Every structure is written in C-alpha cells, then in structure tokens.
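So you can see what is in the structure, the chains are spelled out below.
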Amino acid sequence: VLDWLPHIAMPSMQQLFGQLTVGLINGAFYAMLSLGLAVIFGMLNIINFAHGAQYMLGAFCAWLALTYLGIGYWPALIAAPLVVAAAGMALERVFLRHVYRLDHLYGLLLTFGLALIIEGVFRNYYGSSGQPYSIPPELTGAHNLGFMFLPNYRAWVIGASLAVCFGTWYLIERTRLGAYLRAATENPTLVQAFGINVPRMVTLTYGFGAALAALAGVMAAPIYQVSPLMGSNIIVIVFAVVVIGGMGSILGAVASGFVLGIIEGLTKVFWPEASNTVIFVVMAIVLLVKPAGFFGRTV
Amino acid sequence: MKLQALLAAAAAIALGATGAAAQGGPVKIGVLNDMSSLYADIGGKGSLEAAKMAAEDAGPVLGQPVQVVSADHQNKPDVGSNIAGQWYDQDGVDVITDVPTSSVALAVNEVARDKKKLALFIGPATSDLTGPKCNAYAASWVYDTYALAHVTGGAVVKSGGDTWFFITADYAFGHALERDTAAVVTESGGKVLGTVNVPLNNPDFSSFLLQAQASKAKIIGLANAGGDTINSIKQGAEFGIVEGGQKFAGLLIFTTDVHSLGLKTAQGLQLTAPFYHDMNDETRAFSKRFEERVGRPPTFTQAGVYSAMHHYLGAIKAIGTKEPLKVMDRMRATPINDFMTKNGKLREDGRVMRDMYLFEVKKPSESKGEWDLLKLLQTVPGDQAFRPIDKGDCPLVKKG
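Top to bottom, those sequences are chains A and B. Using our numbering, the letters of the first sequence map in sequence onto residues 1 to 299. Using our numbering, the letters of the second sequence map in sequence onto residues 300 to 699.
Since the hints were made in silico from the structure, they are not lab data. Check before you lean on any hint, since a few could be wrong.
What the hints assert, rightly or not - Distance windows between CB atoms, simulated:
#1 A/78 to B/683: 40 to 48 Å
#2 A/287 to B/378: 24 to 32 Å
#3 B/458 to A/141: 39 to 47 Å
#4 B/391 to A/116: 46 to 54 Å
#5 A/101 to B/373: 34 to 42 Å
#6 A/102 to B/378: 50 to 58 Å
#7 B/498 to A/146: 28 to 36 Å
#8 A/113 to B/647: 35 to 43 Å
#9 B/413 to A/274: 32 to 40 Å
#10 A/287 to B/680: 56 to 64 Å
#11 A/294 to B/458: 52 to 60 Å
#12 A/70 to B/636: 56 to 64 Å
#13 B/680 to A/16: 36 to 44 Å
#14 A/70 to B/696: 37 to 45 Å
Given the structure is predicted, the values throughout are model-derived calculations rather than measurements. Beta carbons: idealized from backbone N, C-alpha and C, even for Gly.
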C-alpha cells in the first residue's frame with residue numbers, strides 16, 4: 001500500500017562518510033563550473049549558456065590530443081584550457097560584445113544557440129556514446145581510508161578544484177588586477193579614463209571563464225565518458241547551483257557547489273530516485289525565501 | 300463528341316480512384332528513435348540508414364518505391380506518442396519501427412492499437428510488449444528483458460554468482476530487466492541482496508557503487524543501458540569493484556558500449572545479443588555495406604531494423620496489399636530468414652523467436668581491430684531464451 005514511499009535504508013556511519021566524500025567530489029566539479037559562470041556573469045553580465053559546451057570542448061581537446069598527437073593528461077591540463085580560452089575570446093570578440101548593452105536574455109539566447117551548434121557538430125562526428133580516456137598512470141589505484149575506498153584520481157580532483165577555486169577568488173577579490181576588473185564592471189567609462197583597456201580586459205575575463213570550464217572538462221574526462229552530451233547534462237545543474245549561491249558571487253558559487261554536491265550525495269543514499277531533482281527543489285526553496293541567493297547582492 | 304470526352308474523363312477518374320484505393324499510396328516506414336541523446340548510437344541515424352537499405356533492396360513495392368521518414372522521440376513517451384499519432388493519421392505512415400526506450404515504446408504500442416496500424420519494435424527491451432501489453436498490431440523483433448535475464452543471468456548464476464545487487468535505471472525498462480533477472484536468480488537458488496533505482500542518464504555512479512560494495516553481493520547486476528552502463532563499469536573500475544572480488548553483470552550491453560569502454564576496462568564481461576557483426580560471412584557482408592554508409596558496424600538493433608523491414612516488405616510483396624492485419628498474418632505464416640535470422644518465427648503474442656548468443660568481451664591482446672570486440676561463448680535456441688508463450692499473460696493467446 002505504501003509502495004510510493006521511498007524505502008529508507010539506514011547506512012552505517014562508515015558508509016555515510018563514504019557517501020559524503022563522494023558528494024564532495026561531485027561538488028568539486030559543480031564548484032569549478034559554477035565559478036566560471038559566476039566570473040563571467042559578475043564581470044560581463046552575460047549568462048553564459050555555452051559553459052557546458054566549453055566544458056565538453058575541454059574534455060574533447062584532451063581526448064583529441066591524446067588520440068591524434070599522443071599528448072597525455074598533464075600537458076592537456078594546461079593546453080586544453082588555453083585552446084578553449086582562445087576560442088572563447090574569439091567568440092567574445094565576434095559575437096558577445098554586441099549584446100552587452102541589451103537585456104540578459106539576448107546573451108543567454110546567443111550562447112545557448114552557440115552551445116547547441118557546437119554540441120551538434122561534435123555529436124555528428126563522434127556519436128553519443130563517448131570516447132574512452134584513461135586515468136593518468138600516476139593517479140591510478142586507490143587508498144583505503146577505512147570508511148571507504150578513495151580512488152587517488154578523485155582525491156586529486158578535490159584538491160585541484162579547491163586550489164583553483166581559492167586562486168580565482170584571491171585573484172578577483174584581493175589583487176590589483178581584480179580591483180580593476182570589479183571597477184570596470186561598476187563603471188567602465190571611468191576605468192577607461194584611467195588608461196585601462198577595458199574591452200581587452202573583458203575579453204580576457206571571458207577567456208578565463210571558458211578556461212575554467214575547459215579545465216573542469218579535462219579533469220572530468222577520465223571519470224565520465226568524453227561525450228558531446230556531457231556538457232548539456234551538467235550545465236542545468238550548475239545553473240541551479242549558481243542561482244542558489246547568488247548570481248555573480250564567486251564565494252557563493254564555490255560554497256554552494258560543494259554543499260549541493262553533498263546534499264545530492266546524501267539524497268542518493270536515502271532516496272536515490274529523487275537524486276536528479278533535489279538540487280532544483282533546493283533552488284525553488286531558495287528562490288522563494290531569498291531570491292538573490294545565499295551570497296548574492298540584493299539588487 | 301462532347302459526351303464521349305465526358306465519358307472518357309469520368310472513366311479515367313473512376314479508374315484513377317479505384318487504382319488509388321487498391322494501392323493507397325506508397326508504403327511508408329517511420330523510424331522513430333533517439334536521434335540525439337544517450338541511445339543515439341545504439342539506433343539513431345544508423346537505424347534510419349538500415350531501414351533505407353531494406354527499402355532500396357526491396358525495390359518498388361505495390362508499384363512504388365518505399366518511403367522512409369524518421370523522427371526523434373527524445374526518450375519522452377508524450378513526444379513519441381504524439382509523433383506516432385500524427386504519422387499514422389496524417390502522414391500516411393504504415394509501420395513504425397525501432398522505438399528504443401521501453402517507456403516510449405509502451406506509449407507508441409497503445410497508439411498503434413488504437414489506430415490499427417503496425418509497430419515493429421526493435422530497440423525497446425521490456426518483455427511487457429509481448430506480455431500483458433501485447434497487441435495484434437505490434438511485434439518485438441530482436442530481444443527482450445526476459446531473454447537477457449535468462450541467458451546472461453542464467454550463465455552468471457551457473458558459474459557461482461549467486462548473490463546479487465542491482466543498479467537499476469528508474470523507468471519501465473530497468474524495472475522489467477531487474478524483475479526478470481531477479482526471477483532467474485531466485486529460481487536458480489540465488490539471492491537478491493539489494494537494489495538501487497537510479498534516474499536515467501545519470502553521470503556519476505560512485506554513490507551507487509559504494510552502496511553495491513557495502514552490500515557484499517558477489518554480482519552487481521546492471522539493469523541499465525547505454526551511457527549509464529558505460530559509466531557504471533568505468534567508475535566501478537576506479538572504485539576497485541573487481542579487485543574487491545565483486546563482478547559486474549551487464550544485462551544489456553551493445554557493441555558501441557564495449558567500444559566506448561575500451562577492451563582494457565570491459566574485458567571478460569559477458570553479454571547477450573541476437574547479432575554481432577563478425578559472426579559469419581553473411582553478417583560480415585551486411586556489416587560491410589552498412590559501415591560504408593554509416594562509418595561503423597551495425598549494433599544489433601540497427602541490424603534488427605533491416606531484418607524487420609525486410610520481412611515486412613517481403614510480406615506485402617507476396618500478398619499485394621499493405622492492410623495491417625493481413626500483412627501480420629503473412630509475416631506470422633512465413634519463416635524469417637536473413638543475414639541475422641535463421642528460421643525465425645513471429646509468434647501470436649508478437650514475439651519473434653530467434654537464436655540468442657552469449658558473448659564475452661575479448662582481452663586487448665585478442666583483438667585485431669577497433670571493432671573486433673566479442674567472442675561467442677554459446678548459442679541459445681529461441682525456445683530456451685524467450686518466455687514460453689503461455690507464461691506471458693498476453694490476452695491474445697488463448698488459454699488451454
């Protein structure tokens with residue numbers, strides 16, 4: 001009679017720790033991706049729907065480099081973000097700069113359309129099942145933490161992601177360059193009057209955001225399939241993460257990325273069927289209670 | 300003179316009208332499947348191409364070339380049934396084929412029943428299509444969850460895998476596959492220790508893998524498909540599932556999945572299929588033709604689309620009408636023979652009886668090329684692989 005109720009199995013403390021760790025790993029990806037989105041939105045006022053495609057491009061760059069040029073994981077970790085950043089900057093110069101002064105919706109539609117085109121092209125050439133990409137030999141294997149079996153590669157993902165998130169936050173909130181950037185967002189004309197090339201700075205910022213997405217893509221390649229659809233699968237969740245954290249807030253993006261990874265992880269234990277909806281439930285609640293998000297500036 | 304012309308015109312119109320009534324336009328095939336998402340490589344454009352090949356090979360049918368149309372159902376039952384309704388009612392589609400994703404197929408099955416038009420299912424696995432939901436206008440051409448469960452599940456239990464934990468895709472197909480496999484496991488004296496229902500198209504399985512690990516089951520049964528199966532196995536390798544002494548049983552694995560995983564990760568997996576491109580000269584000949592058009596060898600569902608359309612068009616040619624029930628009768632009466640089917644038989648409940656094969660994924664050292672993936676372990680005759688006709692609760696089957 002009560003079949004519709006979720007069957008709740010109580011896991012042991014040990015298993016719970018394992019699940020929290022796994023949630024943290026997924027959170028690391030959410031954090032890195034929402035970080036790039038937050039930077040782009042905060043500085044350019046563009047809702048970058050092409051972010052998922054850029055994440056996918058990062059993974060594909062790594063795969064293409066390995067398959068056709070024999071370039072391994074570590075060089076790809078640097079090279080793929082650079083390639084994607086260059087493509088992103090070209091995109092910003094050619095398309096995006098025309099929509100800055102228009103409503104957010106135009107930027108959203110433009111980047112969404114571009115994302116569909118990029119994904120379509122890759123799907124046409126590489127199919128939907130994805131390509132294999134192995135974990136770099138230095139990071140294969142795992143450590144038994146007592147409460148769980150933690151793959152070395154996943155541990156590296158958490159560490160690297162935390163470092164990248166902290167570095168970005170420091171760059172934007174604590175350095176002179178970051179101060180220029182923030183000033184240029186507030187009043188571009190005035191900052192330009194001080195002799196700072198604002199359009200170039202904006203282009204570089206977009207490139208940086210795209211590079212962050214690509215970096216996450218390379219890090220994801222050994223875990224998930226390198227598939228043209230990997231970006232569209234994750235981007236919707238990442239947008240929810242950004243909304244919960246507060247649009248444009250860097251700290252908010254990072255914190256909510258990790259927290260939501262953990263919430264999702266716990267849902268996978270207690271009510272697995274709902275695990276792909278829980279983030280949106282949280283988003284709905286946050287929008288009702290605190291529409292600007294947890295760390296967002298109230299407008 | 301005037302009267303003569305008028306009569307001639309009237310006769311011409313009458314002739315034209317009867318001609319049209321007899322022919323009813325060209326035979327039109329609708330390939331309905333996932334063209335863009337996780338199941339696109341299994342069917343997708345390859346299935347469309349297979350249907351076109353069957354249409355070309357058949358030549359003119361009822362005096363006209365066969366037409367083939369296609370659409371993307373996006374794995375959504377509502378989208379699928381809308382397209383099916385429109386095709387049958389307005390676009391003159393005579394038969395819908397492929398329809399992977401069991402939930403969509405169950406919806407299209409009802410549309411076919413209502414509209415009294417044919418649906419020849421290739422992609423969907425649920426055995427309900429030939430069980431409680433069976434339909435005189437539909438057939439399930441190449442495989443089903445019952446056969447997958449009995450051939451793979453049976454082989455695994457026999458080799459000592461008697462405790463199972465299921466990772467199940469949370470929709471009609473996953474539930475049917477889990478149900479049918481769990482039945483085999485318990486019948487053979489094994490035990491199901493737990494199960495977790497995972498939303499379709501889920502990227503990260505680590506949480507579910509940890510639950511499977513904690514269950515201590517010998518076998519982790521994957522009642523999912525496509526990208527979900529690939530991610531489960533790939534991430535399972537990361538979390539040391541196999542090193543820890545547990546084994547995966549992939550209940551539905553396609554050659555494209557093995558290719559995606561790479562032999563290094565997939566080696567040793569056992570899988571059940573009705574076709575593999577490198578079995579004999581006939582399969583190789585068809586696969587070569589297919590590969591020239593599509594760029595990769597066919598999966599068993601893509602091959603199955605050709606097989607079904609070949610038999611369907613052959614039946615129409617033989618009886619000179621495309622009237623649905625008459626075509627179905629003819630298809631039931633004639634044995635199915637093509638490159639992948641030897642003396643197949645379309646049963647009353649819509650089940651095509653054919654041999655199923657148990658394969659094992661090759662070791663990297665055994666493979667000679669990119670698509671040299673499987674070796675045959677065992678051929679299971681149709682009557683041992685598929686559910687007996689009286690056990691499926693199909694209302695079309697008369698009891699006693």
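Hint by hint, here is what the structure shows:
1. A/78 to B/683: 40 to 48 Å: With Cβ atoms ~56 Å apart, the hint is violated.
2. A/287 to B/378: 24 to 32 Å: holds, 28 Å
3. B/458 to A/141: 39 to 47 Å: Check failed, 28 Å falls outside 39 to 47 Å.
4. B/391 to A/116: 46 to 54 Å: Violated, at about 31 Å.
5. A/101 to B/373: 34 to 42 Å: holds, 36 Å
6. A/102 to B/378: 50 to 58 Å: Hint violated: Cβ distance 33 Å, outside 50 to 58 Å.
7. B/498 to A/146: 28 to 36 Å: Since residue 498 of chain B and residue 146 of chain A have Cβ atoms about 30 Å apart, the given range 28 to 36 Å holds.
8. A/113 to B/647: 35 to 43 Å: violated, 51 Å
9. B/413 to A/274: 32 to 40 Å: This hint holds: roughly 34 Å between Cβ atoms.
10. A/287 to B/680: 56 to 64 Å: 59 Å Cβ-Cβ, so the 56 to 64 Å window holds.
11. A/294 to B/458: 52 to 60 Å: holds, 53 Å
12. A/70 to B/636: 56 to 64 Å: Once the Cβ atoms are compared, 48 Å apart, the range 56 to 64 Å for residue 636 of chain B and residue 70 of chain A is violated.
13. B/680 to A/16: 36 to 44 Å: violated, 49 Å
14. A/70 to B/696: 37 to 45 Å: At roughly 60 Å between Cβ atoms, residue 696 of chain B and residue 70 of chain A fall outside 37 to 45 Å, so the hint is violated.
In terms of the numbered hints stated before, the structure departs from hints 1, 3, 4, 6, 8, 12, 13, 14, listed from lowest to highest.
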